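> Below are the chains, spelled out letter by letter.
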Amino acid sequence: MDRREFLRNSTYCGLALAFGGPLTALRAHAATPLGDQRWEELYRDEFLDTRGDAQGFAFHCSNCQGNCAWKVFAKDGRVTREEQSAAYPQIHPRIPDANPRGCNKGIVHSKEMYQGDRLLHPLKRAGERGEGKWERVSWEEALEDIATRVVDTLTEQGPGELMVYAGTGILSQGRRAGPLRLGSLLGAQRLYPASAVGDMFTGASLAYGLANTGHSLDAWFDADAIFLWAINPIVTRIPDAHYLNEARYNGATIYTISPDYNPSCKFATHWVPIKPGTDAYLAMSLLHVLLRDGHVNDAFVREQTDLPFLVREDSGELLRHRDLRARGKEDVFYCWDEASGKEQPMPGTPGHFKKTLRLGKLRPALGGRYEIKGKEGELIPVTTVFERVRAEAANYPPDETQAITGVHPELVERMARDLARSNKAIINIGFALHKYVSGTMSCWAAALACALTGHAGERGGIDTEHNWSLNGIGPLSSPKPARFASGFFSEWLNGDMQASMDTHYSDEHLKATAGYDSKDVERQVAENRESGKAYYGKPRALLLFADNMFRRNKTEAHHREAVLSNLDIFVDINHRMDSTALWADYVLPAKSHYESWDIRGELGYHRFCNVTIPPEGLKPVGETRSEWAICLGLSEAMAKVARARGIEPIADPDFLVQEGDMAAPVMRDLQTLPDDFTDGGTLKNDEDVVRWLMENVEQIAPWTPEDARKNGFVILNEKAGFTSPLYANRPYHSFERNVYLREPYKTHSGRQQFFVDHPVFKEHGWTVPTAIGPLRPPSFPLAFYTPHTRWGIHSQWRTNEQLLRLQRGEPYLWLNPATAAARDVGEDDRVRVFNDVGEFIARVKLMPAVPPEAVVMDHAWEPHQFEKRIGLNSTVAGMISLLELPDGWGHLTFSPNWDGNMIAHESSVEVEKA
Amino acid sequence: MTARQLGMVIDLNKCIGCQTCTLACKSQWTDRDGREFMYWNHVETRPGKGYPKDWEQAGGGWDGDTLRPGRLPRLHEDYGYPAEFGYEVLFEEGEKPLRPKEEMAWGPNWDEDQGAGEYPNSYFFYLPRLCNHCSNPACQVACPRQAIYKREEDGIVLIDQERCRGYRYCVAACPYKKIYFNPLAGKSEKCIFCYPRLEKGLPQACAYQCVGRARHVAFLDDQEGALHQLVNQWKVALPLHAEYGTQPNVYYVPPLSPPKIGSNGRSLDEPRVPDEYLVQLFGPGVGAALEMLREEMAKKNRGEASELMDLLIAYRHGDMFRLDRPREVV
Ligand code: SF4
Ligand code: SF4
Ligand code: SF4
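Protein chains in written order, with the numbering used here: chain A, 27 to 940; chain B, 1138 to 1467.
Bear in mind the hints are in silico, worked out from the structure with no lab data behind them. Among the clues, some could well be false.
Covered stretches of chain A, going by a simulated chain B footprint (3 or more residues, C-beta under 8 Å) [said to hold, decoys possible]: (1) 402-409; (2) 445-454.
Listed next, the in silico EDC-like pairs over lysine to aspartate or glutamate satisfying Cα-Cα at most 16 Å (straight line) [as the list claims (entries may be wrong)]: (3) B:1337 / A:533; (4) A:159 / B:1200; (5) A:894 / B:1432; (6) A:159 / B:1225.
In silico contact screen, one side only, chain B against chain A (beta carbon under 7 Å); selected entries [said to hold, decoys possible]: (7) 1155; (8) 1164; (9) 1211; (10) 1219; (11) 1230; (12) 1254; (13) 1277; (14) 1305; (15) 1318; (16) 1322; (17) 1329; (18) 1350; (19) 1414; (20) 1417; (21) 1456; (22) 1459.
The structure displayed is predicted, hence computed values, not measured ones. Beta carbons: idealized from backbone N, C-alpha and C, even for Gly.
Pulled out of the complex, with its shape left as it was, chain A reads as follows (with noise of 0.2 Å):
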């Protein structure tokens, strides 16, 4: 009988004197004891009980970005418990070490790969899609069926109708090669999962090139500020939070702008309560204050930074190469030299023959209005990009945007002080600024305020989320090119998004907060469809590997039943039963983060490369396979149907390869497959793949498998860092590259931008840093928004039984107790959330730290934790952010860099009791 009915059931009810009511005892009896202690082996036989009798290491490859090494230990071949590694060697005396590393998600790892939601076998669907009737295959018979539904689409509909999607549950480098590897050999549509997920920074983009930049967290530890903006990391970066603890012990000042006075708020210096979505007015005023004052590092922003560039006055549009020459450059542009006392070309720029940003004799005007003559002759008047910056700053004085912000102009002038006379400050951008239309302005304004200022490099600057360059992983997971297609546009294609985009969102309504509305979106759409360099078309075959997108996407049924509309046959490659799962056709029990070989080196928090060897002798869950494994299966099963159809090498005419001196198309060659993907016998399981990763890629550098051994992990080398080396005692800050050795920045200008003018931004007043927003329709009184929760890595843990037993077991949404009062609801009450895109119900929790404006949730909650198995997303209507849709202009196009996000918190709502 199960221990714990047999608890519930029989014996709490059995003795009714066990729990409640009083029992005192009447008298102090001695102190003595009356036994001896021989009866303490009993749990130190517990304790060698859970060390069992094998140890493995593992992290968990899911998008926390934590990157933890943990032992594992296993008793007769099953996981009794992990414990972190906690080995990671200091890397500086003054600098606090890294351990124990490590949060609640990762620590009931152990529990979850036994919990009852574990894929265990291959499943087949047996009656309509989600209708939950399924039936147990083989493996065999199921890759058998699959192989030959892929091959069908592949012949007669082309590479481009499969999609072979890895998700954000394997994100690690091992486990991650397989399904890349299988699609880039067959040409398949993958999706750029930052932006599908929402994650991606283009105000980072527009100011440096680059998404994802920072620093490693223990670069926190010796800050003078820290401005913690949309970013909660008491909560989400469970394992650095130490650092921001114990900068804040070593002096640092903490400002944590955040509309809840959420957990990180309470170990801050000050907090900064905002109006949700109001950010970019605050930003705004920021460079307001510290324009007004004159905080700006004059040689800093003369050479780093695009503020001397001259803007044409007439056309609005910066002054280029070709305004002055006939077949003049596109991509040189002009400062006003006070040295020469006339227009000179900026060195560094992408058409400039000079690739420095060195000045040399330059000496740049900052300011001021000039004549300049141009190409026929005739008089161009231009000011500077500085110009048209504190213009557009001037209009937001902190004692006006504190009506919209709520923030009180002291705090303001207070925060540009502090950043203005810190030596180190640090800027961190969470992944909730962006979940806003406004996220790009906000992020691209603190950007600014940051170059104003000068931090860049030692003295801090902005941070994104900061990822590690790892080279040479090419061979291994993209052998052919594939289609890589942009995240958001695609699911917003691909789902239909914009149906209830229009459903929510007024025109008029759109137009005076966003300054755009659905025909702008729809025009630019059509424009990005068009040119096709990031859209593939909607799937007919979806091979998708721990990704839970019927969780996680807007409007969720409707965005479901789009994208299911359109698939012939949907494989879900998955440890668990997730709510997408629930809707394929077939369903593949994978391993998960203890049972297969791993290798996760790219994430910047910390310099640590972790590995996943499993504990000897452990037993496999059921019949899961490896991912790799799986891709393997399939390619064998593939390449017999093709045998025995005689299928010859399929023509993928979309990409070309250079062949003698011929073009030729790339060929997706289906009978040899298994020995491509095996790389002619090789790569044959998940352990081979961790070794050629160990030996290949260069940062990883002189470390093998076997000193991976000792700790669970080694240490990357000084080539990882993409804009500053990584020194072995130094914490990592980025730009050092291009603020000490004058290397030139990856965007248009060479700098750092902040004059973008290309058509769209032009036409919308968008050039420079401006504020809009927020988008939140007045329809429904309450704004609602959804930040990362504590209780799982997305959706990853989230149905953890441990875990929930730490909550309260069932979906839960945050109510100021006014806001509840004000609707006659009180504490657990179960409400209805509903607008004109959906509805959900939930209970409640009467949360003080709510604003009373709001509805807050956390998360990731699975839709089938509600009732009905309707989940918060149903209330979220699509939105799509016309400043990230442009493609095409410098570095402005579609990439890793330049990708769009999924809109999650314009929506509004009203509650009422169910």
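Given chain A, work out where chain B with the ligands should sit, using these hints.
Same frame as chain A, but now just chain B with the ligands:
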């Protein structure tokens, strides 16, 4: 008094409420054999009713030199059943949601992040709690079987599982409600300060695995140890509810908080957690402790040195634990 006493300091300015400690203890000791509902270590949000619910109103402890009457917490209402989930619904037809088989009424973290006060002046902080391994343990003398004892070598309070008959007087007598009745074994159990780990030179699971690096462990008589320094020298670490009279050996560095906000949105020069509230928990020394923390932090802010801050920063995780035995490989 035992020959030596091991103690713990938990820094509430570093405890982030992540509950990693709670789960470290759970997987080390309480995920089995009738202990499932127990949390030998848990972290509660204060102000709040805590765990077990309203434990501060449940009596126990000392009234001068007599025991104060105490009450046994109720399983469903005060501890909360360990919820079980019917995962099989995910493999069946229908729209049944994944829910606890029986609705939860309370749990170890039920009032997480709720706290008190009104927007924008609400406040809360985290309070990890475990057995205090008291020097004057009420649980010990309440036991008619004399099954509870303090170990001579480290002062750890243990319940002899062979002598215990499950009378539960200790459960009621502990004013912290840190003893739990195991209905399966018919005996009372509690935090054992991880003595099997300590004996191998491995710190307590809840302390060693604390990712906030909030916990220091040392013998109180170790002059080099953080306990002596924080408790006796700097006086920034205080016992919880010293007035209960059990002389706890777990100490807390009290929480700082950001300033209150005035009706016009202006920052006021007043921490948002009321001093009176902290005095209720940590006694009259709390004002001086907070002042000391602020002064030393201000020194660091001015670029000056501070030994106290360096001690609390704890540059090396390993240095936070000073045991009397070298680490063994287990
Ligand atoms: S692990 Fe540490 S930081 Fe986290 S809740 Fe426990 S004591 Fe606090
Ligand atoms: S905290 Fe309670 S159980 Fe622990 S020693 Fe003190 S009185 Fe006993
Ligand atoms: S010392 Fe050990 S037994 Fe006690 S609460 Fe901590 S982990 Fe649990």
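> So, for every hint listed, does it hold in this structure?
Hint check results:
1. Look at the segment 402-409 of chain A against chain B: 0 of its residues bring a Cβ nearer than 8 Å to a Cβ of that chain, fewer than three, so the hint is violated.
2. With 0 residues carrying a beta carbon less than 8 Å from a beta carbon of chain B, the segment 445-454 of chain A misses the three-residue requirement, and the given coverage is violated.
3. With a CA separation close to 69 Å, the supplied pair residue 1337 of chain B and residue 533 of chain A exceeds the 16 Å bound.
4. Annotation: proposed proximity of residue 159 of chain A to residue 1200 of chain B is violated, straight-line Cα distance about 64 Å (limit 16 Å).
5. This hinted pair does not check out: residue 894 of chain A and residue 1432 of chain B have alpha carbons roughly 56 Å apart, beyond 16 Å.
6. For the given pair, residue 159 of chain A sits about 12 Å from residue 1225 of chain B by alpha-carbon distance, which is consistent with the 16 Å threshold.
7. A distance limit of 7 Å between C-beta atoms decides the matter here; for residue 1155 of chain B the minimum to chain A is near 5 Å, and the interface restraint holds.
8. Of the supplied interface hints, the one on residue 1164 of chain B holds, with its beta-carbon coming within about 5 Å of a beta-carbon of chain A, less than 7 Å.
9. Annotation: interface hint on residue 1211 of chain B holds; nearest CB of chain A at approximately 4 Å, less than 7 Å.
10. Because the closest C-beta pair between residue 1219 of chain B and chain A is about 6 Å apart, less than 7 Å, the hint holds.
11. Of the supplied interface hints, the one on residue 1230 of chain B holds, with its beta-carbon coming within about 4 Å of a beta-carbon of chain A, less than 7 Å.
12. Because the smallest distance between the Cβ of residue 1254 of chain B and any Cβ of chain A comes to about 6 Å, under 7 Å, the interface hint for this residue holds.
13. Hint status for residue 1277 of chain B relative to chain A: holds, with the closest Cβ pair at about 5 Å, below 7 Å.
14. A hinted interface residue such as residue 1305 of chain B counts as satisfied when its beta carbon comes closer than 7 Å to some beta carbon of chain A; here the least separation is about 6 Å, so the hint holds.
15. Hint status for residue 1318 of chain B relative to chain A: holds, with the closest Cβ pair at about 6 Å, below 7 Å.
16. With a least beta-carbon distance of about 10 Å to chain A, the hint placing residue 1322 of chain B at the interface is violated under the 7 Å criterion.
17. With a cut of 7 Å, the hint placing residue 1329 of chain B at the interface with chain A holds, because the nearest CB-to-CB distance is about 6 Å.
18. The closest approach between the C-beta of residue 1350 of chain B and any C-beta of chain A is roughly 5 Å, which is under the 7 Å cut-off, so the hint is satisfied.
19. The restraint placing residue 1414 of chain B at the interface with chain A is violated, with a minimum CB-CB distance near 14 Å, outside the 7 Å limit.
20. A distance limit of 7 Å between C-beta atoms decides the matter here; for residue 1417 of chain B the minimum to chain A is near 19 Å, and the interface restraint is violated.
21. For residue 1456 of chain B, the interface hint is violated, since its Cβ never comes within 7 Å of a Cβ in chain A; the closest pair sits about 9 Å apart.
22. A cut of 7 Å between beta carbons decides the hint on residue 1459 of chain B: the least distance to chain A is about 16 Å, and the hint is violated.
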